[in-house]
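**Q** Residue numbers (the working numbering), protein chains in the order written: chain A, 1 to 79; chain B, 1001 to 1111; chain C, 2001 to 2557; chain D, 3001 to 3244.
Careful: at least some of the hints might be erroneous.
To be verified - List of simulated lysine to aspartate or glutamate pairs, DMTMM-like, C-alpha gap at most 25 Å:
id	chain 1	residue 1	chain 2	residue 2
1	C	K2361	D	D3090
2	C	K2028	D	E3091
3	D	K3089	C	E2159
4	D	K3164	C	E2159
5	D	K3089	C	E2160
Said to hold, decoys possible - Label pairs and their in silico Cβ distance ranges:
id	chain 1	residue 1	chain 2	residue 2	range
6	C	L2214	A	R23	30 to 40 Å
7	D	W3007	C	P2394	46 to 56 Å
8	D	L3012	C	V2003	49 to 59 Å
9	B	S1002	C	V2416	47 to 57 Å
10	B	Y1051	A	V34	27 to 37 Å
11	D	G3048	C	A2048	36 to 46 Å
12	D	L3118	C	S2059	47 to 57 Å
13	A	A14	C	A2279	39 to 49 Å
14	A	A14	C	S2059	57 to 67 Å
Simulated from the structure, these hints should not be mistaken for lab results.
All C-beta atoms, glycine included, are put in the ideal place defined by N, C-alpha and C.
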Amino acid sequence: MTPLLVVAFLLVAAGATVVVLTREPGRQAVTLSVYGVLLTLLFVLLQAPDVALSQVAVGSAVVPLMVLLAVRKVRGGKR
Amino acid sequence: MSLLPYLVAGWLLLIGCFGVVRSRGLVHTVVCVAVAQSGTYVLLLSIGFQYGASAPVQGAPGPVVDPVMQALTLTDIVVSATVTALLLALVIQIAKRTGTVDPDQLDELRG
Amino acid sequence: MTVDPSCLPPLGIAIPLAGACVLLALAKFAPRVVVDTVAMTTAVVSVAAMALLVAATSSGRVVTWVGGWTPKDGSGVGIVLAADEIGAGFALLACALTACALIYTWRYFDDAEAHVHVLILLFLAGMVGFSLTADLFDLFVFLELMSATAYALTGHKIEEPRSVQGGFTFGVVTSLGAYFSLTGIGILYARTGRLGMPQIGAALDGHGLDPLVLAALVLVLTGLLVKAAIVPFHFWLADAHAVAPTPVCVLFSGVMAPLGLYGVLRVSTTVFGGVLPAASLHGTLVVLGIATAALGATLCLMQRHLKRMLAYSTIAHLGLFLIGLATLTASGVAGAVLYVFGHAGVKGALFLMVGVLLARKGSVDEFDLHCQGRDARLTKWLLPLGALALAGLPPFGTGLGKAISEESSGLTALFVLVSAATGGAVLRASLRIHFGLGPPPQDTDSDTTTGDDEKQEGRFPQRLPATMVVAITVLLTGGLLVGVVPAVADALGAGRSASWTEPGCWPRPCTAPRPRRSAASTWSGRGRASRWGLAQRPPEGRRVANWAITYPSHRGP
Amino acid sequence: MTRSARWIVFWLGAGGVGTLIVLALLRMPSFGGLVHPYRDLAVPAAVGRSSPNIVSSINFDQRALDTLGEETILLGSVVGAATLLRPSKDEQELLDRDEGRVLEATKLLGYLLLPVTLIVGADVVFHGHLTPGGGFQGGVVLATAVHLLYVAGSYRLLRRLRPKSWYQVAEAVAAGAFVVLGLVGLLLTGAFLANVFPHGVLGDLFSAGTVFFLNAAVGAEVTSGVVVLLSAFLAQALSVREVS
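Given the sequences, and given the hints that come with them, work out the whole structure.
**A** Rendered as structure tokens:
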């Protein structure tokens, strides 16, 4: 196993842990987006360009955006 | 070392579940569900990987990595995004109706 | 004109899908009556297609390779759909219940354009696909399709806190379950390099149960057992089924939850049948079934919220179905499936009657409604009848199914107690509401969920719309017919159990002794061919041969 | 379920499942190995149908039913989320709010990126059978492009360019097209979703038969679906307010 792959796998594992441990939902949207990029890098290394494209579009843009909008609405509801 | 990919996949799945149980806010719960699902992407792609093989595009010479697993992962990603959207929509309505997103304060949430 | 039966399974998926697309395109412009007509037509055409399919399965399994990727030289890349009596029966049940739910819906929703109809039709496509697929990854896709549309339908009444919360719990729990299933599917792919269920089964056959296969089994079954609300995954069901719109409850309790059990049966026989010691699987599933049945029945008796009561009765019955299926014998399985069909009709009718009560009286609380139903002409007589049917009264399908499965499982006392308890709970509520039985109950227990803050559904009509009466009658009659028409039991194989134990039939008999293969045997599926009946049953040769898969020669042990 | 009960269930379950998974993983074929039987069948099958992007061939030809299911999940979720996020009886969509002030640089960037993203998105969709990407990825990019207008601070302009109900109709038509293409296969060859169109020359734009058309249908469906989805979320976050 190449060192690059090892690093990528460990980064993904660490990224996921950080996302789960981030309590504040607004900040979690940011960590989730970074985690999406880490996954994308891993997928590129795993020779999966199609999947990487999907992941970068969905995992680090659309889903975090929806999370942000939901957080905003949820906070607004509390006012 | 060759077990690392699978262990990472298992870790993602379990840490996601851990986050769901630990969660004190429903938006956080939804994100943790998405993290749990990302474990399945890593697992599927790792299973399909082959050293020295190229991406399954353009009829490259030599072996390619398993395209079937990549196709399944694509489907999986779509499922993840859509399920996240639906759950977030429900969270927005819960917040509106009850004024809270803390699972401990919601009497109807027994899971 | 004769229809080639192999085009029916994909049509079962395509018809509701096409109907949903048409409806969604028309949603903004079409008047309500057009929407209802299109939805109803789609459901009726689906029922017809699936009825044809059921008829075709009587002469053997109908196998379809989607996209025309029929295996060449025994190995192929495509997705296979396989319909046998049970799978096609479940697909037909899903279509028929959807038709009934849509009849009831005719005068029911008034605010939300056509979106509920679209979701119900997409849900139907998911259920039909789940019943017919023989590809493990497709099983996951259709499981997710059923789940995604189901969350949206559960939370549809967005003004009610309980409704959206029930939908959310349902969503989180079943999604996580499905991801465990997908992990198991991935592990199986890593071992066998296959996705078709019979192909994986052939590759696993005779290699013993190592931890990898065991883990895959547990993981795949987890998602399905969550869907079927089997203990310890039962808690979401009552929260979700009690709050969904009434017509949707019919589908949830009648066919969606039992489909989870059908998935368990299909996976554990087709995929793991060759490696799993039948006794240990049987033991585990029976224990789970007993716990589920006992817990569901107890909680059912304690409810005063009528829809929750029915939901817990569904949990109890799911436990009983699991016990029947776990026998893995011809009669046990047939009995359980018959029980599922009878239960679907009866439970559906009960849910709709509670829906009528809710529409007329504005409550689904047993205490609240005490003596309130004296003037209700329809439910006064039909609700007690439904309660008796739920308890397993003989002429109904529930009675026959219960009789067959209790006989083959040997747990007669449990079956009688559990079904009597659920029927008794509904009967108690019905007598209190319609005949004022007993003194007006006092509110003492503050812990139980009451049903008086439930919002009224529908238009609150002065006269009960004929469509609602028709839907209830059709469902109740259906539950009765399943029991009295011998052809139904026959088609399920209860009457000709001999054919079930023949090799080549599906589900594979797990009672027959299985020759153990030495560990040194290769990973080829050749030994499997005889067990699939290729050698013994030439008349069915073409169809069965489609299943036979040879493996690339480089595959090592 | 109380919090402590939840934890007990979690640790018991995680312990059991974790042990089982680790035991299973020890027996997995080693990472990066040579044995991939399904691939050995799928790659020649894809090349035989003039589809250089093998993943697309699997998604839209060999295992097209998976993709049909996947797109149906997308359709159901979009309809479901839009239904769940509809303004309830005590709410109204207020149109007069325009959100915040945006830096000129951000605005410019947004307007500049818009055409670029649209072109990239379309390219990804239409070369899906040739290069990495396809209907889904391109569709998401296209939908995101439309929403760059929001980044540029012009929510009102976005609303005008984005009549939600028409996108919903477009989504329904695109999803319907997938089903119709499948039924065409059934009519012509007796197999649902069969690849019936001429396969063309490997590497041409119009090659790989039905794959090209299914790709385009999915691209249209995903674009309109994601637009509907994001617009429902945007509306909730920005303009749906309770009427008191």
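**Q** None of the hints should be skipped; say for each whether it holds.
**A** Going down the list of hints, with the structure as the test:
1. C:K2361 / D:D3090: 24 Å, holds
2. C:K2028 / D:E3091: 20 Å, holds
3. D:K3089 / C:E2159: This hinted pair holds, its Cα atoms lying about 8 Å apart.
4. D:K3164 / C:E2159: Holds - the C-alpha atoms of C:E2159 and D:K3164 are around 23 Å apart, at most 25 Å.
5. D:K3089 / C:E2160: 12 Å, holds
6. C:L2214 / A:R23: 30 to 40 Å: For C:L2214 and A:R23 the Cβ distance comes to about 37 Å; the hint holds.
7. D:W3007 / C:P2394: 46 to 56 Å: 47 Å, holds
8. D:L3012 / C:V2003: 49 to 59 Å: 52 Å, holds
9. B:S1002 / C:V2416: 47 to 57 Å: Between B:S1002 and C:V2416, where Cβ atoms are some 56 Å apart, the hint holds.
10. B:Y1051 / A:V34: 27 to 37 Å: 28 Å, holds
11. D:G3048 / C:A2048: 36 to 46 Å: For C:A2048 against D:G3048, whose Cβ atoms are near 37 Å apart, the range 36 to 46 Å holds.
12. D:L3118 / C:S2059: 47 to 57 Å: 55 Å, holds
13. A:A14 / C:A2279: 39 to 49 Å: 45 Å, holds
14. A:A14 / C:S2059: 57 to 67 Å: 58 Å, holds
Going down the numbered hints, you'll see the structure goes against none, and every one checks out.
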